[in-house]
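Engineer: One letter stands for each residue in the lines below.
Protein chains: 2
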Amino acid sequence: MEEQVETLGKAFVDHYYHLFDADRSSLSSLYQPSSMLTFEGQKFVGANDISAKLRALPFDHCKHAISTIDSQAAAATGGIVVFVSGSLQLLGEEHPLRFSQMFHLLPTIHGTFFVQNDIFRLNYG
Amino acid sequence: MEEQVETLGKAFVDHYYHLFDADRSSLSSLYQPSSMLTFEGQKFVGANDISAKLRALPFDHCKHAISTIDSQAAAATGGIVVFVSGSLQLLGEEHPLRFSQMFHLLPTIHGTFFVQNDIFRLNYG
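Read top to bottom, the protein sequences are chains A and B. Last residue of the first sequence: number 134 in this note's numbering, and the count goes up by one each step with no gaps. Last residue of the second sequence: number 134 in this note's numbering, and the count goes up by one each step with no gaps.
Accuracy of the hints is not assured; some may be wrong.
Any copy, or any two copies together, can satisfy a pair, since identical chains are not distinguished.
Subject to a maximum C-alpha distance of 16 Å in a straight line, what follows is the list of computed EDC-like cross-link-like pairs (lysine to aspartate or glutamate) [stated by the list, open to error]:
hint : residue 1 : residue 2
1    : Lys52     : Asp32
2    : Lys52     : Asp69
3    : Lys52     : Glu11
4    : Lys52     : Glu12
5    : Lys62     : Glu49
Derived from the structure by calculation, the hints contain no laboratory data. These numbers come from a predicted model, not from an experiment.
Please work from the sequences and hints to get the whole structure.
Structural biologist: Quick look at the structure:
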């Protein structure tokens with residue numbers, strides 16, 4: 010069970026940041042109307058608003074590099090919590106930005122997962 | 010509702026790090042047998058093992074300073090997810106350590122919350 014949770018968490022993280030770096034408008038498929046994003050303290054609710062925020066980020070090309078992924082089963086919901094740390098390289102910028110992000114994933118009726126909770130913070134040294 | 014979630018999250022964070030800095034053996038009261046802690050990639054399950062890990066950390070005195078607290082309602086459980094960033098000053102060390110930590114809190118039958126999921130990571134620049 011615990012091993013499966015780690016595997017699911019890692020698969021989600023790989024998928025999420027691959028979409029983010031390749032075509033971040035496609036991330037909207039991972040959110041639902043109940044989903045919440047807090048991005049550097051700003052709150053967004055629902056796949057539409059979250060997707061609009063992600064599309065509006067002030068850069069076109071970026072590349073995430075993941076440092077750590079920690080996953081746990083979230084009791085009572087069949088969900089998973091995933092905690093990620095890594096860095097974000099923006100095209101044309103010299104230094105990557107360090108970030109931390111957490112996801113609370115819930116199962117869909119199709120046996121996949123969607124993002125119920127998403128909290129993103131840049132790490133300031 | 011959202012304001013209440015922020016207030017609950019902040020109250021929990023204040024309480025948690027106050028206990029941590031004042032008498033971290035008392036943190037065991039915030040965990041239950043189902044609780045999970047991942048501390049720098051090491052996994053612990055249940056209040057007893059989690060409490061033992063926290064007591065065994067290789068420092069006696071520390072002081073947390075919180076930089077950001079982001080809280081969201083966690084669907085379907087009546088719970089809350091809380092994401093914290095801050096720094097940890099160890100007695101006798103010159104530089105504080107930056108960290109990020111997430112909690113998934115679930116309600117108890119007494120109307121309070123316990124920690125179901127806890128993931129802690131130091132931030133490396």
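Engineer: Please go over all the hints and tell whether each is borne out by the structure.
Structural biologist: We went through each hint and held it up to the structure:
Proximity of Lys52 and Asp32 under a CA criterion of 16 Å is satisfied in neither setting, with 22 Å inside one chain copy and 34 Å between copies. When the C-alpha separation of Lys52 and Asp69 is checked against a cutoff of 16 Å, the pair qualifies neither within a copy, at 22 Å, nor between copies, at 38 Å. For the identical chains of this complex, Lys52 and Glu11 are inter-copy neighbours only, at 10 Å across copies versus 31 Å inside a copy, given an alpha-carbon limit of 16 Å. In this assembly of identical chains, the alpha carbons of Lys52 and Glu12 lie at most 16 Å apart only when taken from different copies (12 Å versus 32 Å within one copy).
Taking the shortest alpha-carbon separations for Lys62 and Glu49, only the intra-copy value of 12 Å comes in at or below 16 Å, while the best inter-copy value is 31 Å.
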